[in-house]
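In order, the protein sequence lines correspond to chains S, H and R. The first sequence: position 22 = 21 (numbering that gives the first Met the number 0), numbered continuously. The second sequence: position 178 = 177 (numbering that gives the first Met the number 0), numbered continuously. The third sequence: position 111 = 110 (numbering that gives the first Met the number 0), numbered continuously.
Mixed in with the good hints there might be a few duds.
Unchecked claim - In silico SDA-like pairs for lysine to any residue, Cα to Cα no more than 25 Å straight-line:
1. Lys128(S) <-> Ile332(R)
2. Lys427(R) <-> His375(R)
3. Lys390(R) <-> Met181(S)
4. Lys44(H) <-> Lys319(R)
5. Lys103(S) <-> Ser52(H)
6. Lys116(H) <-> Ala194(R)
7. Lys156(H) <-> Asp360(R)
8. Lys69(S) <-> Lys79(S)
9. Lys197(R) <-> Gly148(H)
10. Lys33(S) <-> Lys156(H)
11. Lys41(S) <-> Glu14(H)
12. Lys103(S) <-> Ser632(R)
13. Lys120(S) <-> Thr333(R)
14. Lys432(R) <-> Tyr412(R)
15. Lys432(R) <-> Gln409(R)
16. Lys378(R) <-> Lys20(H)
17. Lys351(R) <-> Phe361(R)
18. Lys168(R) <-> His240(S)
19. Lys351(R) <-> Ser52(H)
20. Lys339(R) <-> Lys319(R)
21. Lys169(S) <-> Asp268(R)
22. Lys168(R) <-> Met181(S)
23. Lys79(S) <-> Met31(S)
24. Lys319(R) <-> Arg362(R)
25. Lys169(H) <-> Pro195(S)
26. Lys140(S) <-> Arg269(R)
27. Lys85(S) <-> Leu626(R)
28. Lys169(H) <-> Ala73(S)
29. Lys367(R) <-> Leu112(S)
30. Lys79(S) <-> Leu168(H)
31. Lys156(H) <-> Glu325(R)
32. Lys205(S) <-> Pro195(S)
33. Lys19(S) <-> Ile92(S)
34. Lys116(H) <-> Val446(R)
35. Lys169(H) <-> Met181(S)
36. Lys103(S) <-> Asp360(R)
37. Lys44(H) <-> Val397(R)
Simulated from the structure, these hints should not be mistaken for lab results.
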Amino acid sequence: MAEASTERGPVVIQSDSYNKAEDVLKEHCEEMWKEVKQLQAKLVKIRHQDHSPVTSNASPVLDIYLARQKRLIAQIAVMKGKNPSKLPDNEVIQFECVKEELEKSVGGLQDTLALVRSEQKEVDSEIEKEEHFKVEVEQVKTVLQEKLNEALRQQQAGDNAILIREMQRKELALKKHCKKIMRHMAEFVQKHFPEPNESQLAKWRKQHTPTADDSSLNNVEVLPLIRILQDLLNQCIDSPHNAYIDIDNRFWPPYVELLVRTGIALRNPHNTQQIRLTPFHL
Amino acid sequence: MSRDLNQFETLRKDELLPFNKLPIFMQEVMLIVGIQGIGKHALAKAIVESSTSKTLQCRTATHLPLPEEHSAERPRIDMVVFMIDSRSSASYIQVEQSLQYINRQYFLGKICFIATKVPTETQNLEVESITQLCDDHGSCLFWMDPTSGADRTVVAKKLLEMLNISAGLKPGITPLLTDCTHRLLNMQSF
Amino acid sequence: MTSKAKKRKSDGAVVNDVTLAEAVQYLTSCKSRPKIQGNVELQNSLNKIDCVATETGLPAEDITTLVSVAANGTFPEAICSRLIRNLIPATVVPSEAVIRAISWMSTNIPSSKIQGLLVRWIILIYNMLDTLNDLHALYGVLFYFLENEVMCRSVCHLLYLLTRKEDVKLFRVRLLVRLQKRLVFFPQRDRVWLARIKAVADRQIVEGPVIDVTGRYTSEQAKRLKRDVIPSVQSTAVTTLSSDLPKSFGQSVPFSEITSFQLLLQNFDRLELPCQMAAALKNRNLQHVLLCYPDPSIPMRLSYWLDHVLCEEFLVNPSKDPSRAEELLQNLITFTEFLKESVPVCENFLVKYLHVWNGVDFRPSVLKLITRFRLHPFKVLSDLVLEPLRKLFLCSSVYCKCQLLIMFTQLLYNLVTVELLRYRICCKWQQGKNNLEISSVDDSNNVCVFTEEVEEFNPEETISQYVEYVGNLIEVGLLIEQDSPLLMHCILNFYEVLSDLHLEHSMMLIILPRPSVVYTSLFSNSATSLSRMCHIFCRYRENFLSMKNVEVTSLSACDQQYRIMSLKRIKQFNMFIMDYSNSLWRRLAFCDTEKRTIFQMLSETDLENVDSNLYRQCFSLYRHPALVGYFVSYLKPHSNGERRLILSSFKASSGYVKQN
């Protein structure tokens, strides 16, 4: 269009040429409206002849899709038969149409420019970020490789002496720690779960052994709770494959009950006279 | 749901038709159908507010068929929106019944459903039955939070885009053409 | 409640007579079993607490005090229960309060019902605790409460939140397995209660600085605690027992001490991982660990957490304040961008979310996360992800369409650059695993952090069908938006990636752009569309040429088939080129040459009345609407009679590829 205007001089649009253009457009519209009216009348007529049911009993989706297929075929036929429409042979209309089109396009391109700029920025920051990632990951890789090499070297060198010394040091520390917590436990148990005194024992015996003439029971010394715990712990560590200990008459039954009920000890399901420590360490 | 022929004929009389009237110049008309209190008017307001064209009409109805008395003055309806309240099975049944009064031509892209998004404990309708209803009518479904104005505007904007196409205001495109992007309808393209 | 008290309650002014401090003071001073009926002072105090709790939440120290009041058996159950339900924190809950609750529970003074209520309260305010270490120290004690029939479920839920790796012991697992039959899911029964707590928390964020009651936390910290869904790095509590051990004994370094990348590097081989792996979402150092550590339980722990939190934040209990959810998504994006891999539970979540999504909330983040999707069979991808997006595309603004297209382009790019290779290796690994080939099993872990069983399918098929799907949307989108330049820009971006599938991504696949896009560019009035399409053609040409020269015998049967299919498209490609050069160079637009052009826009009868030179030339280089402006500005400095000479120097060049 720019070329056209330089060749023919600037397009000066007079008001009467505008009026003329308007008339052309009006005429065009009238024609189209006539066509619309005709088509609509046709549609109404067709409808009066159409007696197919609206919906069948089942889900209407099949009906709908069939109707859609029909319509699509018709639309394709219309599209195929249609020639591209031309603008009317009026220069004013043509000029205005092209102008409008170009203005729309300029607006769109300005939006696009803004988008491109923001995309550019985003890409820049992404590159920066990725480069940063890369540096970090490479550092991690180098460090891990070094550590691996170091480990392999030590293994080959067979630096056993250092290793053993280190283990011994750890063992000592552990033993010390173990002693300490055992002491804590002993204090706690002694304070809160003392050995049953004679009257308690007598009372219990009276309740549970009605005959009360089993002299063997009377004279046996009752194990303190801490001893039971100690036995349980030792058995658990010394023979993990069979951690059960036998309950004999030195075990005061209420304490055994207590241990089982609180989940500290477990009864042997096959032998009620055996208990073991719950494997807290597994 | 079998009906005898008499009933059938009366039904066809009340049917809503897409092309029985001439369009009004550059005018789009939407009809929103849903039970009382579901927020039809709020949605209609949101649609009119989101619209850039001044020639948009939103009409509402609790159910179909529309009363016969003013049918002459009623403009051609370009699109029907059904609203379903997920809390009430009555609203579902009403929509289901109203669908009987819609001409098949509307199902070629001039129908859409809106279901309300509600907290699970008040949800009375199963999500599956709602989506099934929409699928059975080959129409799309939007979920809308009835308590959120922002959500309403979002749905309103989508409806406007659909209305533009179904009212024929976008040259070269029809609702069916947009449907052709669906995977199931696109087996032998290219 | 007496009628008098009722009246008072409805009258806000009277209730406000009592201050919160007085109310708490009154409740603490009450002797055992006080008079309830008609005790106005008691009712007033309770009402005041009710009021403050609902409106602003209670200060930390009052929560501690009121826990004791509710649990020490002074008041009847109904009042205690009401008090506990009102323990809504304004800022944080001091762990002291929780410790007291559990202490009282251990005494068996509060009834089972109150005990159960206390546990449920702890679950609800779990994320608002100032520190978790104190509560965790009581883990063993809490475990005993599992025996209680009433509390069992709640305690289980609490333990689930609290459990750290070192808590998992055989005897506990055994007990839980025994309980499992009864416990299928944690019931979400305290919705209303949780909603009240959230409402107060949300309000506090909106209203800005919170008055610091405890003096221990700045308001900034308090706010962060409530807002962040993602836990911070917390290592196993150094318990009193192990603190006695010499420091050097346990060689591992707790992760909370890893405060810099350098420290991470130094201690990489002796880290003690934090108890909440979810912290990895915003801790870069931990992400490095995730990449390198072979332990598969680490990503699994993260996945469980993520699954739960995403569901909670977006589907079950979406907060009124979206900033928290947005932050979560942002962290998730950074995380996946770093790993170059999507998290499967996040994919599952997105699928669920897309079906109820309104297309606006969190759009940029949601779309960004979708770009990282793994390769799936096309049917799966289409039904679960692309279908909701298609619906959105068709009824959204041009800007949203562009955002979607940018996302589609990025997804295509990620699929062909990262996911294709990942899929192939995963497949190989899976086959190797089934055949028990240990050597190949070892290699595989390098491609994913989050391993998942992959289905066997043809990845090229997924990609070509995906391109088909996007092509459909592009065609319809161009029609709806009437060839918007903005949309065209995004479309061309897509085809720029697509044109290089063979050369850049070594796929045996070339898919042409849609004719409607090709011709929209040709007839466009913007020079960028035209020239970019020409550039895309150049790329296609290079790709076709290179593919023709591929050593066929080195290809798999499948690739050979795709190669043949792709090369068949040369014919159509040449037609595109013919049309372009006929229009632009030869001034023969719309002409029926011996090689029939694809576009037959105008029938001969239609053109009878038009000057044939005019329409044939109107898309030539110097008349083309997109180029005419450039042409004029090019001629201007030379416009001294040389015009003829310049025009004659334009010559057509044949750029098309000879078909095999």
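Checked hints:
A C-alpha spacing of about 13 Å is found between Lys128(S) and Ile332(R), which places the hinted pair at or below 25 Å, so the restraint holds. At most 25 Å may separate the alpha-carbon atoms for a hinted pair to count; Lys427(R) and His375(R) meet this at roughly 16 Å. With a C-alpha separation of about 70 Å, the suggested pair Lys390(R) and Met181(S) falls outside the 25 Å cut-off, and the hint is violated. Restraint check for Lys44(H) and Lys319(R): satisfied, since their Cα atoms lie roughly 24 Å apart, inside the 25 Å limit.
For the hint pairing Lys103(S) with Ser52(H), the CA-to-CA distance comes to about 18 Å; that is within 25 Å, so the pair holds. As the CA atoms of Lys116(H) and Ala194(R) are separated by approximately 18 Å, the hinted pair is consistent with the 25 Å bound. Note on Lys156(H) and Asp360(R): the hinted pairing holds, with a Cα-Cα distance of about 14 Å set against a maximum of 25 Å. For the hint pairing Lys69(S) with Lys79(S), the CA-to-CA distance comes to about 16 Å; that is within 25 Å, so the pair holds.
Annotation: proposed proximity of Lys197(R) to Gly148(H) holds, straight-line Cα distance about 21 Å (limit 25 Å). For a cut-off of 25 Å, the pair hint linking Lys33(S) to Lys156(H) is broken: about 33 Å separates their Cα positions. The hinted pair formed by Lys41(S) and Glu14(H) meets the criterion: a straight-line CA distance of about 19 Å does not exceed 25 Å. A threshold of 25 Å between alpha carbons decides the hint, and for Lys103(S) with Ser632(R) the separation of about 22 Å falls inside it, so the pair holds.
A C-alpha spacing of about 17 Å is found between Lys120(S) and Thr333(R), which places the hinted pair at or below 25 Å, so the restraint holds. Distance restraint check for Lys432(R) and Tyr412(R): the Cα-Cα separation of roughly 30 Å exceeds the 25 Å cut-off, and the hinted pair is therefore not satisfied. With a C-alpha separation of about 32 Å, the suggested pairing of Lys432(R) with Gln409(R) is violated against the 25 Å cut-off. Distance hint between Lys378(R) and Lys20(H) is unfulfilled; the C-alpha atoms sit about 42 Å from each other, more than 25 Å.
Among the hinted pairs, Lys351(R) with Phe361(R) is consistent with the structure: their alpha-carbon atoms are about 15 Å apart, no more than 25 Å. A hinted pair counts as satisfied when its Cα atoms are at most 25 Å apart, and Lys168(R) with His240(S) qualifies at roughly 18 Å. A threshold of 25 Å between alpha carbons decides the hint, and for Lys351(R) with Ser52(H) the separation of about 36 Å lies outside it, so the pair is violated. Proximity of Lys339(R) to Lys319(R) is assessed by CA-CA distance (about 32 Å); at most 25 Å being required, the pair is judged violated.
In summary, the hint linking Lys169(S) to Asp268(R) is supported, as the alpha carbons are separated by about 20 Å, within the 25 Å threshold. Of the pairs offered as hints, the one joining Lys168(R) and Met181(S) holds, with about 22 Å between alpha carbons and a cut-off of 25 Å not exceeded. Distance restraint check for Lys79(S) and Met31(S): the Cα-Cα separation of roughly 20 Å lies within the 25 Å cut-off, and the hinted pair is therefore satisfied. Taking the CA atoms of Lys319(R) and Arg362(R), the gap is near 17 Å; set against the 25 Å cutoff, the hint holds.
For the suggested pair Lys169(H) and Pro195(S), the alpha carbons sit about 96 Å apart, so the restraint of at most 25 Å is broken. A hinted pair counts as satisfied when its Cα atoms are at most 25 Å apart, and Lys140(S) with Arg269(R) qualifies at roughly 16 Å. The straight-line distance between the Cα atoms of Lys85(S) and Leu626(R) is roughly 22 Å, inside the 25 Å bound, and the hint therefore holds. Between Lys169(H) and Ala73(S) the CA atoms are separated by roughly 19 Å; this keeps the pair inside 25 Å, and the hint holds.
Among the hinted pairs, Lys367(R) with Leu112(S) is consistent with the structure: their alpha-carbon atoms are about 22 Å apart, no more than 25 Å. With a C-alpha separation of about 21 Å, the suggested pairing of Lys79(S) with Leu168(H) holds against the 25 Å cut-off. Our distance criterion of 25 Å between C-alpha atoms is met by Lys156(H) and Glu325(R), whose separation comes to about 23 Å. In summary, the hint linking Lys205(S) to Pro195(S) is supported, as the alpha carbons are separated by about 15 Å, within the 25 Å threshold.
Distance restraint check for Lys19(S) and Ile92(S): the Cα-Cα separation of roughly 10 Å lies within the 25 Å cut-off, and the hinted pair is therefore satisfied. Pair hint Lys116(H) plus Val446(R) does not hold up; C-alpha atoms about 40 Å apart against a cutoff of 25 Å. For the hint pairing Lys169(H) with Met181(S), the CA-to-CA distance comes to about 86 Å; that exceeds 25 Å, so the pair is violated. At roughly 30 Å between alpha-carbon atoms, Lys103(S) and Asp360(R) are farther apart than 25 Å, so this suggested pair is violated.
Under the criterion of a C-alpha separation no larger than 25 Å, the hint pairing Lys44(H) with Val397(R) is consistent with the structure, at around 23 Å.
Comparing the model with each earlier hint shows violations of hints 3, 10, 14, 15, 16, 19, 20, 25, 34, 35 and 36; every other hint is respected.
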